[in-house]
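First to last, the sequence lines map onto chains A and B.
Using this note's numbering, the first residue of the first sequence is number 1, and each one after it goes up by one.
Using this note's numbering, the first residue of the second sequence is number 1, and each one after it goes up by one.
Keep in mind the hints are simulated off the structure, nothing from the lab.
We treat Cβ as the ideally placed atom computed from N, Cα and C, and that holds for glycine.
Among the hints, a few may not be true.
[To be verified] Each pair of labels, with its calculated beta carbon distance range:
1. A:56 to B:286: 38 to 48 Å
2. A:56 to B:207: 17 to 27 Å
3. A:83 to B:207: 36 to 46 Å
4. B:426 to A:34: 37 to 47 Å
5. B:426 to A:28: 29 to 39 Å
6. A:65 to B:50: 36 to 46 Å
7. A:83 to B:377: 47 to 57 Å
8. A:56 to B:480: 51 to 61 Å
9. A:83 to B:307: 31 to 41 Å
10. B:50 to A:15: 50 to 60 Å
11. A:34 to B:443: 10 to 20 Å
12. B:37 to A:65: 27 to 37 Å
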Amino acid sequence: MMAAIQITDTYYLVLSAALFSIGAVGVLVRRNVLVMFMSVELMLNAVNLTFVAFAKTLNDTSGQVIVFFTLVVAAAEVAVGLAIIVAIFRRRRGMTADDMRVLQG
Amino acid sequence: MTGFVLAAIAPITTPSVDWLGVAPVIALGGAGVAIVLARALLRRSAVTTPVCVALGILGVVLAAIFEYRLWHLVRADGAITTMAGMVRVDPFGVFLSVVVLIGTIYALFISVAYLKRESLDAPEYLALVMLSAAGMVAIITANDLIAIFVALEVLSIPLYVLAAFDRRRMASQEAGLKYFVLGAFSSAVFLYGVALTYGATGSTSLTAIGDFLANNTLYEQGTLLAGGALLLAGLGFKVAAVPFHFWTPDVYEGAPTPVTAFMAAATKAAAFAVLIRVFSIAFPLYRTDWKPALWVLAVLTLVVGSVAALVQTDVKRILAYSAIAHSGYILIGFQTGTIAGRQAALLYLLIYTFMAIGTFAVIMLASMTGDDRHSLDDYRGFALQRPVLGGILIFFLLAQAGIPLTGGFIAKLEVFSAAAQSNNYSLLVIGVLAAVVAMFFYLRIALALASPATGGEYFSDRRVDRWSGVVVATAALAVLATGVTPGPFIDWARQAVYFV
Chain A
1 MMAAIQITDT YYLVLSAALF SIGAVGVLVR RNVLVMFMSV ELMLNAVNLT
51 FVAFAKTLND TSGQVIVFFT LVVAAAEVAV GLAIIVAIFR RRRGMTADDM
101 RVLQG
Chain B
1 MTGFVLAAIA PITTPSVDWL GVAPVIALGG AGVAIVLARA LLRRSAVTTP
51 VCVALGILGV VLAAIFEYRL WHLVRADGAI TTMAGMVRVD PFGVFLSVVV
101 LIGTIYALFI SVAYLKRESL DAPEYLALVM LSAAGMVAII TANDLIAIFV
151 ALEVLSIPLY VLAAFDRRRM ASQEAGLKYF VLGAFSSAVF LYGVALTYGA
201 TGSTSLTAIG DFLANNTLYE QGTLLAGGAL LLAGLGFKVA AVPFHFWTPD
251 VYEGAPTPVT AFMAAATKAA AFAVLIRVFS IAFPLYRTDW KPALWVLAVL
301 TLVVGSVAAL VQTDVKRILA YSAIAHSGYI LIGFQTGTIA GRQAALLYLL
351 IYTFMAIGTF AVIMLASMTG DDRHSLDDYR GFALQRPVLG GILIFFLLAQ
401 AGIPLTGGFI AKLEVFSAAA QSNNYSLLVI GVLAAVVAMF FYLRIALALA
451 SPATGGEYFS DRRVDRWSGV VVATAALAVL ATGVTPGPFI DWARQAVYFV
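This is chain A alone, in the form it adopts within the complex (with noise of 0.2 Å):
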């Protein structure tokens, strides 16, 4: 017989705050481009998690509303950090972020 095991809702918040340093550190430590930008948006949809945890625990629905908001941004940056990608892979194709060397000193 196994024990049933309650969810609780620190199983969230503790599972959100593995996704948003999985995300940091991906941001920190991959050099891809790409993959750096899809670790950003990792951490804002472990926030998301969060905000809906804490939203069921306080008994408050402003913490759900709040999910909207942080998508609606998530979106905006989404398509002008994409657009800067593409800008800069038009010119060096296969860019890492070791190549971004013009600038430092």
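Fit chain B to the known structure of chain A by using the hints.
Relative to the frame of chain A, chain B by itself:
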């Protein structure tokens, strides 16, 4: 039957809106949208650029008129809270909004000649500046962490594009991408801070968080402290505080020079407004927790900013590190946690706007078409060949260094005296030492400007256009006026410290 339907659908109560309170944001954002429309309707006709510039100036002037009305209104009747507590217009907010408007109008003026020289498309650029300015004014008057987050993105996203605007220069695109990746990263960190603060206090409104913490003792402090730390880190990126500064030199160097000027002056004012507002209104009771953190940030920012600038050879990079060091002085003012300290921070932001925009405006005028060579050797002999412009640049550099009779001196003096008043002698000593170190790299640029040319110099001998001339002259006069007769400016900052 209809009665039943009406009863079932309860009327949705919408929050009341005080339109005057949000009018500056609407004026700036409206001008940005109008510029985009003008571009679409007029296509590439000869009048497109003048119409777009006029719309931009109109937006800033309208916003300034509204701010003037708001200043007298909030001084007489107290702060205006509207849109269900999302927006709060107080003397503090109006003061920093005016600082942002000054930065915006200056950035518009120096961009006109720059865009023509570099043959870049003006309308989109101008629209992005206006939208970013709208986000800045919105964030300064925002009273809710979610409103702050949205406004933070409204001000940042146009800046990412502006930094990458010169598509022919690899450096500009690289600056745009680096700014975008790190900016998005810092926004996510800030948002996680918002989420944890919301979880700990049950609200995102700054005043509600402050009230909740005043009336309740938290059973478990970890979530709130982690949230506060993440908020501080996210905002630390925006104000370019060490250790969150590493994007600053690259972005300042690579971005088109007028954009660098705009970022240095206006963005800093907006980001500091949020930093001060969040920690003063939402977490005043946790002062014992955030003051040591700010102390560390201020010291690191001062030391790294001043020392790293010494070894740089690119003028825009040196000025980027100098911008980081300036953040350190403003952090000293805020770290004291007193009214005098906040007043000093406000005055510093006002004077810094004139100094930073003036300096970058002259750098922009001095650079050749292409805007890609800014090393110290390129500027050798500039002051000898062009005495007026070179002299003004040296004046701005001395002002940033804090020489008496310039605004920079008064700004630093106010910060240091605020630190002394609150018995914060460690910060005072470190600040003074950093100012002495900073003197070296400012003088290094001044020396290069004034030393005889060796043949390798690379600067422009174009006549100064009317728009940039106005910017350089008025900014220099303002820096001089704040240094010689600081009284009215200090009084103005004193009236502006309040959130009520």
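Quick rundown of the hints versus the structure:
Taken as a hint, the range 38 to 48 Å is violated for the pair residue 56 of chain A and residue 286 of chain B, whose Cβ atoms sit roughly 26 Å apart. Between residue 56 of chain A and residue 207 of chain B the CB atoms are about 25 Å apart, so this pair conforms to the stated range of 17 to 27 Å. Separated by about 38 Å at the C-beta atoms, residue 83 of chain A and residue 207 of chain B satisfy the suggested range of 36 to 46 Å. Range check, residue 426 of chain B to residue 34 of chain A: about 46 Å between beta-carbon atoms, so the 37 to 47 Å window is met.
For residue 426 of chain B and residue 28 of chain A, the hinted distance range of 29 to 39 Å is satisfied, since their beta carbons lie about 32 Å from each other. As the Cβ distance of residue 65 of chain A to residue 50 of chain B is approximately 43 Å, the hint placing it in 36 to 46 Å holds. Here the CB-CB span from residue 83 of chain A to residue 377 of chain B is close to 36 Å, at odds with the stated 47 to 57 Å. Checked against the hint of 51 to 61 Å, the pair residue 56 of chain A and residue 480 of chain B passes, with Cβ atoms roughly 59 Å apart.
Here the CB-CB span from residue 83 of chain A to residue 307 of chain B is close to 37 Å, well matched to the stated 31 to 41 Å. The hinted range of 50 to 60 Å is satisfied by residue 50 of chain B and residue 15 of chain A, whose Cβ atoms lie roughly 56 Å apart. Between residue 34 of chain A and residue 443 of chain B the Cβ separation comes to about 45 Å, which falls outside the hinted range of 10 to 20 Å. Checked against the hint of 27 to 37 Å, the pair residue 37 of chain B and residue 65 of chain A passes, with Cβ atoms roughly 31 Å apart.
Violated hints for the displayed structure, listed by number in ascending order: 1, 7, 11.
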